[in-house]
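A.B. asks: Sequence:
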Amino acid sequence: MDLAVVSSTLGTINRQLKRGVTVSIENYHEHYVLKNMEYYCETDCLEAPTISIPPTKGGVTAFKSSIAKGPRGLLIYEFKGVDDAFTLAERLFLIIGWDVPLVSDNHFFLRVAHVESKDFPKMEPERQRVLELLFKNKVKAGNSISWDAYPEVVTDQIVENDDKEEAISKSGLSVSASMATAALANIKVELYPRQSASDEQEQGILRIGPPPQSLFTRLVGEAENLIKSVNIKEQK
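End of the sequence shown = 1245 in the numbering used here, gap-free, step of one.
Take the hints with a grain of salt, since some may be wrong.
Here are the computed distance ranges between Cβ atoms for each label pair [to be verified]:
1) Val1014 with Glu1161: 32 to 40 angstroms
2) Ala1192 with Ser1016: 26 to 34 angstroms
3) Thr1065 with Asn1045: 15 to 23 angstroms
It should be emphasised that the hints constitute simulated quantities derived from the structure, not laboratory data.
Values in this document were obtained by computation on a predicted structure and should not be read as measured data.
We put the beta carbon where it would ideally sit given N, CA and C, even for glycine.
From just these sequences and the hints, can you work out the full model?
C.D. replies: Okay, here's the thing in structure tokens:
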């Protein structure tokens, strides 16, 4: 979606929707495309999220309030290098969340994160789990959030040191978001290159661990290990 279309689409939604949330994303990073979109929201979606957001393009989505509650949810994109400019060492996600209740203050969050779960973001329970985790550090609307990072890139196939440095410099990113305090709240997200190197390569990147094993799963695993151990002893 062209950036000019983002603005006009928001205008159309604002005329249709009295209460809810819109999320607009503008990608000004020439080396990243935002792909593999997933979302979760507790209320209905009015405008489906943009599937993929390449450089110099944007995306818009909207969720409306129901009679009983306002929208609460999250939107997820995976960072991918454009045209093999670099390959990230781990999956990296842009995660935006919102809570627009009917009678109290709006809140939101923005994170750049590695999520150590093979089921994320495809499986809805994992999206819900991450939503609850990240909302522990929500920010009140009217404020802004920003993160800077140099994600780790795969360099084992890059021979020249200069090429390694170039790949790492291309991966640097800066992402920011702000949220309006109105009943129809807009979250505006912007992605830019990061110009200067960081002392800590992954500064600004959150690492979210896998979900804890249930008691049943843990007991099954322990039983399987015990059976294997007994079989090994019998073979001896």
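A.B. asks: Next step is simple, just say for each hint if it's right about the structure.
C.D. replies: Hint check results:
Taken as a hint, the range 32 to 40 angstroms holds for the pair Val1014 and Glu1161, whose Cβ atoms sit roughly 34 angstroms apart. In this structure, Ala1192 and Ser1016 break the distance hint of 26 to 34 angstroms, their C-beta atoms being roughly 21 angstroms apart. About 20 angstroms separates the C-beta atoms of Thr1065 and Asn1045, a value consistent with the hinted range of 15 to 23 angstroms.
Consistency note: the structure conflicts with earlier hint 2 alone.
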